[in-house]
Amino acid sequence: MQITGAELLIKCLKAQGVDTIFGFPGGFAINIYDALHQDGTIRHILTSHEQGAAHGADGYARATGKVGVVMSTSGPGATNLVTGIATANMDSVPIVAITGNVPLSMLGRDSFQEVDITGVTMPITKHNYIVPNVEDLPRIVAEAFSIASSGRKGPVLIDIPKDVQIAPYEYSEDKLIKMKTSLPKKPSKESLAKMAAFINKAKRPLIYYGGGIISANASKELAAFAEKLDSPTTCSLMGLGGMSSKHRLFVGTIGMHGDLRSAQALKTCDTLIAIGARFSDRVAGDRKKFAENIKVAHIDIDKAEINKNVRVDASLVADAKVALKALLPLIKQKNNKEWLAEITKNSAKHTVAKSKADPNPKHIIELIRELSPNNQIVATDVGQHQMWTSQFFKFYRPRTFISSLGLGTMGYGLGAANGVAVGTGRKTILITGDGSFHMNMNELATACKYNLPVVIFVLNNRTLGMVRQWQTLFFNKRYSQTNIEQKTDFVKLAEVFGAKGFRITSNAEAPAIIKKALAQSVPVVVDCQIDTDEFVLPMIPAGKTVDDIITNPELN
Amino acid sequence: MNQRYIISVLVNNQPGVLTRISGMFSRRGFNIESVTVCETEDESFSRMTIVMCGDEFILEQILKQLAKTHDVKKVTHLRESESVFRELIMVKIAVKPAKRRELIEIANIYDASIIDLSPNSLILELTGIPSKIDGFLLVLRSYSIIELARSGVSALMRGERTIKEVNDIG
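Protein chains in written order, with numbering that gives the first Met the number 0: chain A, 0 to 555; chain B, 0 to 169.
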């Protein structure tokens with residue numbers, strides 16, 4: 000049977016199990032969209048902007064664990080994906096981006112809507128392709144999905160010139176190639192024994208885990224491992240939800256706005272065991288001083304992470320689930336009761352100044368937690384609201400905290416929340432700030448169009464709060480360009496898009512309004528009018544160590 | 000301590016691979032001193048020989064970053080004791096017929112050849128290990144060099160072993 004390249008692409012995508020695509024059509028993707036229409040079995044989510052589609056595929060992938068797919072036309076369509084692809088790359092999220100391009104014969108001639116998107120995305124993808132020939136399509140699509148979803152996951156881009164889309168292809172079902180899902184390799188006995196011996200030597204081991212636990216679905220194995228070591232356990236923000244916040248060994252997140260308990264544990268441990276984490280500068284601060292007087296072990300699926308940021312004393316290159324399962328019988332049961340009590344006691348000595356704000360953003364986040372189920376998924380944008388969410392919304396399950404962490408992409412949240420809602424069919428909460436929300440609020444139109452169950456809380460302080468916080472602390476209160484003071488009425492805005500709008504102006508009215516917002520069957524925007532000078536605390540200033548922690552800005 | 004390392008990389012012979020590799024070097028702040036690329040005995044692969052400067056930790060990072068690049072099939076650090084290295088240089092020198100003899104003498108000492116001759120210039124060609132090339136160039140500096148081209152280093156492991164048998168990086 001003769002079909003076109005575009006039709007073949009749809010068949011190839013279906014062979015990889017794709018049932019949902021986020022995207023936006025255009026001149027050089029029109030044949031693919033036509034094939035998509037004719038096929039009619041793949042759900043396509045049309046966003047307002049390609050960036051929202053890329054974040055949608057990313058949110059979909061983070062929440063479901065499946066590969067997210069985003070599609071766009073050439074040129075501006077493709078470049079609009081770039082921030083989304085870079086976001087996925089930094090947080091190791093498996094997405095496949097498909098872009099149309101001008102015909103091969105027109106490439107390199109600065110044709111209309113031509114951009115060298117493989118060149119542009121080379122540094123921000125795990126790998127990318129330009130399809131030179133329709134015959135290569137089945138192989139390239141299968142490869143792209145297997146690269147995106149194996150090892151350390153990440154984005155892959157496939158650029159398909161228009162003539163490849165319309166090229167005739169002699170199709171038969173046996174020509175379709177399915178992605179290779181290679182199971183993670185088990186590390187050698189020797190390397191496991193070495194790591195186990197190293198861990199067994201530790202008297203006060205602190206576990207620091209990251210997104211690798213979530214990506215490998217290794218929450219159970221992590222809990223068993225931590226319980227056997229009886230070891231306090233902290234995580235990077237990428238790891239939030241990997242261990243339940245209720246777990247007795249969980250001491251909160253580590254890093255710039257980490258928990259005082261994890262800071263105390265880090266100060267007093269003799270060994271740090273990093274699992275599926277990469278010692279980012281937001282965790283390590285001054286990487287040369289981080290953990291300089293203790294032993295460090297590192298378990299990671301990406302060999303290049305070993306000794307990249309922090310030099311370690313022992314390492315094991317493996318998938319987190321496989322490694323923890325194999326290590327469990329090799330490590331000795333420990334009892335750290337006294338040390339754990341000491342951590343609790345000593346961290347309680349430093350307290351973060353209690354906020355008197357009304358309405359109080361931290362209180363609002365705690366209320367949202369109380370009023371939503373244990374498996375509630377929360378997406379965020381980037382800034383103070385994001386850090387408050389990490390601190391005050393307690394996460395109990397993996398894949399419930401959806402946030403741009405490595406790249407710190409303001410404007411990520413709404414697109415991602417839409418993707419989560421599409422992928423899970425569940426009520427999705429977005430906690431955002433007025434700065435971030437303004438960036439890509441066009442995607443509210445998408446949420447309304449598909450009537451996605453998205454509830455948006457805008458922590459509206461009329462300023463770019465995180466930058467303002469730095470300006471207050473480190474720039475002598477020179478508030479350069481952070482007072483946004485937009486006149487946007489978020490309640491009216493919600494209604495214009497077809498959503499419902501509510502407003503919270505005091506702590507007293509917060510519970511009733513949050514309840515009402517969560518009970519709606521249409522997208523909701525809640526304008527939470529919070530104070531301009533509420534801080535995220537504690538804080539370890541950039542490039543500093545845990546000894547420089549700020550708990551009360553008035554004392555510093 | 001910074002020193003020079005030579006890395007041999009077997010890559011897919013496809014457009015864009017050189018950009019992918021050189022882009023990774025510049026993005027991560029690693030320096031390339033020289034790079035040579037050419038198709039191998041198997042036309043589906045190219046071999047890149049990269050000379051870089053750095054300490055052992057930078058070398059470790061580069062090897063690991065190369066190894067995880069999709070188009071890279073094999074990567075290995077070539078140790079001087081276990082490998083042979085060669086580089087080619089061509090030097091064009093402005094020289095009047097009266098002074099040619101001196102240059103011919105130098106060429107003989109180094110086993111270099113004269114591959115082009117004109118009334119007022121000649122081109123010398125030499126193949127050898129990089130330090131020999133450096134020495135050759137040092138001697139020629141006292142003449143009037145008009146232009147020169149250096150190929151960068153090519154290298155192979157000694158003995159029967161090939162890069163295809165390298166199991167792990169480093």
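By construction, these hints were calculated from the structure, which means they are not laboratory data. Some clues are possibly wrong.
Derived SDA-like pairs: lysine to any residue, alpha-carbon spacing no greater than 20 Å straight-line [as the list claims (entries may be wrong)]:
1) K65/A to I41/A
2) K174/A to Q1/A
3) K67/B to K294/A
4) K185/A to C37/B
5) K63/B to R396/A
6) K72/B to N107/B
7) K266/A to P537/A
8) K543/A to R281/A
9) K67/B to N334/A
10) K72/B to D54/B
11) K179/A to K72/B
12) K63/B to Q2/B
13) K72/B to E484/A
14) K294/A to F56/B
15) K266/A to I176/A
16) K72/B to I549/A
17) K67/B to S149/A
18) K287/A to M51/B
19) K287/A to R247/A
20) K72/B to E142/A
21) K179/A to R27/B
22) K184/A to K73/B
23) K63/B to K355/A
24) K72/B to K294/A
25) K72/B to S149/A
26) K348/A to K184/A
27) K355/A to N475/A
28) K184/A to P129/B
29) K63/B to R310/A
30) K72/B to M121/A
31) K184/A to K72/B
32) K287/A to I57/B
33) K67/B to E142/A
34) K179/A to D301/A
35) K393/A to H437/A
36) K288/A to I57/B
Far from chain A by the CB rule (all over 10 Å, computed), these chain B residues [as the list claims (entries may be wrong)]:
37) M23
38) G28
39) E59
40) L125
By construction, the Cβ of each residue, glycine as well, lies at the ideal position given by its N, Cα and C atoms.
- Item | Hints the structure fails to honour | Of the numbered hints, 3, 4, 5, 6, 9, 10, 13, 15, 16, 18, 19, 21, 23, 24, 26, 27, 28, 35, 37, 39 do not hold.
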